[in-house]
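Asker: Each chain is listed here by its residues.
Number of protein chains: 2
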Amino acid sequence: MSQIGIPKGTRDFLPEQMCRRNYIFDTVREVFHQFGFVEIQTPSMENLSTLMGKYGEEGDRLLFKILNSGNFLEKADLEEPNLNRLAASLCEKGLRYDLTVPFARFVVQHRQDLTMPFKRFQIQPVWRADRPQKGRYREFYQCDADIIGSNSLLNEADLLQMADEVFHRLKIRVQIKVNNRKLLAGIAEYMGCPDRLTEVTVAIDKLDKIGMENVCKEMEERGIAREAIQKALPLFAQQGDVWSQLSEMERLLSGSEVAKKGIVEMRELFGYLEMLSLHNETVMDLTLARGLNYYTGTIMEIKAKDVAMGSISGGGRYDDLTGIFGLKNMSGVGISFGADRIYDVLSESGLFPESDNSSTQVLLVNFGEKELVCTLPLAQRLRQSGFRVEIYPDEVKIGRQFAYADARHIPYVVIVGESEMAEGRFQLKNMSDGSQTCLTEEEIITKLNDLK
Amino acid sequence: MSQIGIPKGTRDFLPEQMCRRNYIFDTVREVFHQFGFVEIQTPSMENLSTLMGKYGEEGDRLLFKILNSGNFLEKADLEEPNLNRLAASLCEKGLRYDLTVPFARFVVQHRQDLTMPFKRFQIQPVWRADRPQKGRYREFYQCDADIIGSNSLLNEADLLQMADEVFHRLKIRVQIKVNNRKLLAGIAEYMGCPDRLTEVTVAIDKLDKIGMENVCKEMEERGIAREAIQKALPLFAQQGDVWSQLSEMERLLSGSEVAKKGIVEMRELFGYLEMLSLHNETVMDLTLARGLNYYTGTIMEIKAKDVAMGSISGGGRYDDLTGIFGLKNMSGVGISFGADRIYDVLSESGLFPESDNSSTQVLLVNFGEKELVCTLPLAQRLRQSGFRVEIYPDEVKIGRQFAYADARHIPYVVIVGESEMAEGRFQLKNMSDGSQTCLTEEEIITKLNDLK
Chain A
44 MSQIGIPKGT RDFLPEQMCR RNYIFDTVRE VFHQFGFVEI QTPSMENLST
94 LMGKYGEEGD RLLFKILNSG NFLEKADLEE PNLNRLAASL CEKGLRYDLT
144 VPFARFVVQH RQDLTMPFKR FQIQPVWRAD RPQKGRYREF YQCDADIIGS
194 NSLLNEADLL QMADEVFHRL KIRVQIKVNN RKLLAGIAEY MGCPDRLTEV
244 TVAIDKLDKI GMENVCKEME ERGIAREAIQ KALPLFAQQG DVWSQLSEME
294 RLLSGSEVAK KGIVEMRELF GYLEMLSLHN ETVMDLTLAR GLNYYTGTIM
344 EIKAKDVAMG SISGGGRYDD LTGIFGLKNM SGVGISFGAD RIYDVLSESG
394 LFPESDNSST QVLLVNFGEK ELVCTLPLAQ RLRQSGFRVE IYPDEVKIGR
444 QFAYADARHI PYVVIVGESE MAEGRFQLKN MSDGSQTCLT EEEIITKLND
494 LK
Chain B
44 MSQIGIPKGT RDFLPEQMCR RNYIFDTVRE VFHQFGFVEI QTPSMENLST
94 LMGKYGEEGD RLLFKILNSG NFLEKADLEE PNLNRLAASL CEKGLRYDLT
144 VPFARFVVQH RQDLTMPFKR FQIQPVWRAD RPQKGRYREF YQCDADIIGS
194 NSLLNEADLL QMADEVFHRL KIRVQIKVNN RKLLAGIAEY MGCPDRLTEV
244 TVAIDKLDKI GMENVCKEME ERGIAREAIQ KALPLFAQQG DVWSQLSEME
294 RLLSGSEVAK KGIVEMRELF GYLEMLSLHN ETVMDLTLAR GLNYYTGTIM
344 EIKAKDVAMG SISGGGRYDD LTGIFGLKNM SGVGISFGAD RIYDVLSESG
394 LFPESDNSST QVLLVNFGEK ELVCTLPLAQ RLRQSGFRVE IYPDEVKIGR
444 QFAYADARHI PYVVIVGESE MAEGRFQLKN MSDGSQTCLT EEEIITKLND
494 LK
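Here the protein sequences come in this chain order: A and B. My numbering applies: residue 44 is where the first sequence begins, and numbers increase by one. My numbering applies: residue 44 is where the second sequence begins, and numbers increase by one.
Think of the hints as simulated: they come from the structure by calculation, not from any bench. Since the model is a prediction, treat every value here as computed from it, not as a measurement. Misleading hints may appear alongside valid ones.
Because identical chains share one entry, a pair is satisfied inside a single copy or across any pair of copies.
To be verified - Derived pair list, reagent style SDA-like, types lysine to any residue, alpha-carbon separation capped at 25 Å:
id : residue 1 : residue 2
1  : 51        : 169
2  : 371       : 49
3  : 214       : 424
4  : 274       : 304
5  : 413       : 437
Excised from the complex, chain A in its bound form (with noise of 0.2 Å):
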């Protein structure tokens, strides 16, 4: 038995974890409908075609490959030992990577059936063959919800609404940072360059991590000039609200036309949400960048308040998504969140609920066959009122049938012996004080749904 085992970075989920994820997928699932999103699937496996170069270098060495079926290898593949000449003639397949290309490849293959604007989630398993380590898996749950074919700022609005309402029906306090694409390339063109964008959103990124002063070293690392640092440095500086912050940048960035995008994208959108009253706190922070290279407007992004965790959720809008299949000017806004993370926010936090809706409400005990004439009915019409039942299989001595229960959490023990089936009642055990009244079936039935 000793060989016994999954792959590194897999994971087996046992049912108090199962119970657990669920409530945090059933949760994002319901908001994400009440907000008008519907599900789609798509296969775990796409062409490589479909996924390859969509994910920078890295990405394509991350991706698992499927080996082809069939033996069809040609003395000319194995000439040299290339795994990544080989791998090419080897494989077509590989495992979805995350959501989103294949929502994009999703969007373009579908479009005759799809009603425009899109608005869809998806919750599925993605895989990359990352090193795994605390907290990152090579298989691991994403839950999307993207709306695509409209501009309209709306749509941020009410990814933003889905998130404060997400957590505070999972009980965590969170702050919802929100910036724009477009006020980053608008502070690139007023330091001069334009075209390092990239370097200093990166650089920008690490602000809270690692101080001013760093993020200005590493900058000039990257070649930037330390006047155009210098220049920059207020912008980020400032403080008051997002009103009179955006009023400062419409007078410092007046020169750069993207930067006046950004700022009339933001100010309809926060007016949006002041129109609502929202959970959780919603800041502009400048120096939110976010990674992905796609987004090109308005990106936003999730911290939990009270546990110290990187982003639970987040997400931007994208303009060109679809462009990589061939479908050209489709915007798409989207909101991705992290189910491992949130585990932990939840779990950390004691936040989990105690009760949960699947699990066993009544255990009838097992005394044997004359007994069960009376109990596998007596099961039947329990589960009929909407109850969740189990006999105990075996006929083993009470006290094991009691630790099963406890083992499980039961929180009631029907015991049907004899005298019971003489007397038309059964004895209730509540499990948690140990008390045991005699009841009839009908009032075994009232206590219960006291309990729902």
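For chain A, the structure is supplied; the task is to place chain B on it using the hints.
Answerer: Okay, now just chain B, sitting in the frame of chain A:
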């Protein structure tokens, strides 16, 4: 765009399909919960050492294998273009082929953490590199429920009740067939060829497809003597209820110990079923064999009555499933629901429910920024009252917004125009009959509540 596509044998699920698939999964899951089964999940990929050799030679061939990451090939691996040998050094992981072998691995690996008897269910996709054809896919979902660690036939009774309940809820009329491998073994003994059980069962299994004459022919071809077959024929031609059939078998198979055991088991199980009132007919069918070699006791199979389709559910008892992973004497019994075939039956019979409980109930028309001051908070409050609500994101002609509501089957549209804002009332348009009423927010909520 011409190259866009997905690997053959895989599928995208569009919103309407997802909704229907979820209807099946939710029904099955709810019934599983009512009988005390708890959910687990295992990784999509298992070590090949876990999977290989568990499904026969063909199964090994049909496993999807995952290419190892990194460049580790040796010249020596490449001397001969033989994929099988190469694959062994290229791959150490494979995709799950079914839910049973991973479950056995799971039980052995986590046995310290499981409460026995352990009743688990699992609803996850599996992958097989089979030739795709109508109704056969390379990625498909299985819905399995198993009880492990209990010999009691009450477990069989539970599984049969569950199947009965699932199909009752789905409104599919079914016939439930039950047999016992021990009876088949007894018959093989009675025929004088106890070592030919597999051949006998394989031939018998085809009885309802090819008829008795051809079954006999097939057995002869497989080297079973004509006299042996003649001897067994009356058993398969039996009429009457399960009790009289079992008595007749008891008489004929009195020389077989294993048959005796099988008869005792069948009497006990049908005794339990008699205590219950099931919605569907449950019959003993001696010709039911089911292919899988690991079954050792009860076997069961369910077919739709009104649609010609293979079995839509099936299962049985296996005495030594975890033995392959070194844990002996762990008897189990399980049932599996075929989501794809159930989907087809529901589809052909028009049995999918019209409405679903996840789609948008109200669309709020978008007239532009001024009205949004009123529309945005209204949408928020309607959601707080539990409704599924969308605001049309773009300010386009009202006709296009209505067309969107129609295409999405949204039953109500709320119109918030200038005059409505002034009055604090809104137009509620019923999309099915086109009627329109001017209502306060409270009246809208009352009206929508009737919809629930």
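Asker: Run the structure past the numbered hints and jot down the numbers of the failing ones, going up.
Answerer: Of the numbered hints, all hold.
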